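Trainee: Spelled out from the first residue to the last, the chains are:
Protein chains: 2
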Amino acid sequence: MNRNPAFSVTILGNSSAAPANNRHLSAQMILFENRRFLVDCGEGTQNRLVELHVRQANLDHILISHLHGDHFYGLFGLISTLHLYGREKPLALFAPAALKELLIEVLKVSETRLMFQVEFLALEDFVNTPLINDDRLLLECFPVNHRIATWGFKFSEQPKKRKIKLDFIEKFDPTIAQIKAIKSGEGFVSNDGQTFANDEITEAPRPSRSYAYCADTAYYEPIIEVVQNANLIYHEATFDSSMEQIAADKFHSTAKQAATIAQKARVERLLIGHFSARYKDLTPLLEEAREIFPETYLSEEGTSYPI
Amino acid sequence: MNRNPAFSVTILGNSSAAPANNRHLSAQMILFENRRFLVDCGEGTQNRLVELHVRQANLDHILISHLHGDHFYGLFGLISTLHLYGREKPLALFAPAALKELLIEVLKVSETRLMFQVEFLALEDFVNTPLINDDRLLLECFPVNHRIATWGFKFSEQPKKRKIKLDFIEKFDPTIAQIKAIKSGEGFVSNDGQTFANDEITEAPRPSRSYAYCADTAYYEPIIEVVQNANLIYHEATFDSSMEQIAADKFHSTAKQAATIAQKARVERLLIGHFSARYKDLTPLLEEAREIFPETYLSEEGTSYPI
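Residue numbers (my numbering), protein chains in the order written: chain A, 1 to 307; chain B, 1 to 307.
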């Protein structure tokens with residue numbers, strides 16, 4: 001049994017540009033412990049949440065990577081529905097600055113006065129500042145290379161403290177004060193005068209996990225450093241390699257390029273998505289990616305991937 | 001076999017406010033001969049067109065009844081998709097005036113320059129003027145009574161000319177010029193000097209058909225005169241009669257009120273729709289409507305109703 005706190009991503013939509021081949025527009029739900037984050041919100045996202053039985057409890061943050069319609073046209077309807085169903089607690093919306101005026105205008109023409117506060121946070125203001133940095137979660141955005149200003153998002157567990165070894169506790173029965181001291185990095189002196197360095201009586205914590213959503217982007221090497229060693233990344237693979245020039249012209253990536261980023265960043269696993277409507281069968285994209293990076297998987301709508 | 005020119009309405013969505021109970025947001029496609037008109041465009045309408053295999057050929061007109069989000073949030077995505085798939089011919093958009101600026105703003109933030117022209121026509125400018133008035137179709141809008149400015153739409157075949165009786169043609173073998181004259185209302189003099197009045201040698205045409213979409217509205221008697229004798233009307237029935245006060249407060253109708261409008265207007269058939277999410281089973285709404293107006297039907301998504 002995996003006893004680590006919940007950390008997963010559920011794919012709601014992985015189609016590029018237009019819904020096609022039974023695939024839907026970009027949206028995914030990240031569950032981090034008991035918090036939920038919606039990342040992008042293509043048209044129909046509110047339907048997807050219902051159809052796929054994705055819980056909306058503790059959905060207090062929505063992140064929009066960029067302002068191409070297929071990534072945010074579902075936001076107005078989702079916000080209206082939250083309002084309709086009586087939401088009262090505030091919602092934090094991280095998005096490119098231009099969305100703010102548009103949202104205000106949309107609510108104005110429909111004469112909607114929301115019952116809850118939408119706290120708008122412009123991604124432009126978070127270049128070197130995390131979006132969230134508390135004792136559990138570090139959430140950062142990073143620029144990618146698309147036709148318009150676009151950001152990816154990286155979710156990281158905060159570094160864990162070293163754990164006190166069980167056999168030490170059984171043998172020396174330390175007090176609460178002593179445990180606190182050891183947890184803060186100190187050593188230990190037993191009643192009979194034995195001294196222990198901190199690393200003798202503690203063990204390394206499990207590694208902190210991380211997930212990165214790389215949004216819509218051309219092949220862009222600066223992403224490599226940002227997502228280094230992540231447990232999972234979602235990288236777009238709109239096209240296969242035979243369309244490399246078209247991908248570049250449209251500031252999108254091929255499956256092979258996505259795999260190259262994953263391989264160079266030494267991530268554990270790669271999910272590819274944002275597939276062009278031209279691909280009914282996605283096997284060729286998977287195959288070309290796996291040649292470069294074997295731990296590649298096709299993102300599947302409705303599936304939750306543990307991180 | 002029905003040899004009349006095609007005239008039908010296909011229901012794409014009939015849920016009020018939010019998608020629920022497997023019902024989708026307001027949208028319907030009217031087929032008039034070879035022309036298609038999309039009436040309202042709730043979020044997800046582009047998906048509905050694909051899922052329900054509704055043809056989009058000759059979709060050159062979109063009509064938006066009012067600016068509550070559940071009736072137009074699908075418009076931006078649909079327009080983007082038409083653009084993406086290479087549409088070049090213009091699209092006429094009849095909608096409340098405030099939508100124009102909003103559409104411009106949405107296209108601006110996503111840096112989209114459409115490849116086709118959207119001819120924006122403000123419904124406010126068509127109070128006493130038909131939207132379309134050509135030799136086949138009369139399309140008019142009419143105000144209803146909702147929380148914000150809202151219009152219904154009425155599609156009518158133009159009055160038909162009287163038809164020349166078959167047995168007259170067989171007996172007298174008129175020339176093309178004579179047929180033209182009769183069609184324009186003249187009588188006929190045969191070679192042997194017999195004279196016929198026009199109504200002796202012609203018969204009444206089949207009645208012109210009409211369909212009205214009554215949009216979102218409280219019970220509003222001025223609608224009766226507008227939709228008088230229509231073959232089919234779609235009237236909202238958001239609530240059942242036990243919710244009459246709530247319906248009035250929200251400027252919506254009960255099923256009984258929809259039926260009362262249909263009965264007083266002596267229409268042939270009534271389709272009810274725009275159902276509240278509170279009703280999983282719609283039978284009670286149908287039953288209370290049929291007590292007033294037996295020719296009431298629950299609109300069903302994906303079904304095409306001939307007019």
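Don't take each hint at face value.
The list cannot tell twin chains apart, which means a pair is met if one copy fits it or any two copies do.
[What the hints assert, rightly or not] Simulated crosslink set (DSS-like; lysine-lysine; CA at most 25 Å straight-line):
1. 161 - 250
2. 183 - 108
3. 108 - 250
4. 89 - 160
5. 180 - 163
6. 89 - 250
7. 180 - 165
8. 183 - 171
9. 163 - 264
10. 161 - 100
I should point out that these hints are in silico values taken from the structure, not numbers from a laboratory.
The structure displayed is predicted, hence computed values, not measured ones.
Trainee: Name the hints, by number, that the structure is in violation of.
Mentor: Of the numbered hints, 1, 2, 4, 9, 10 do not hold.
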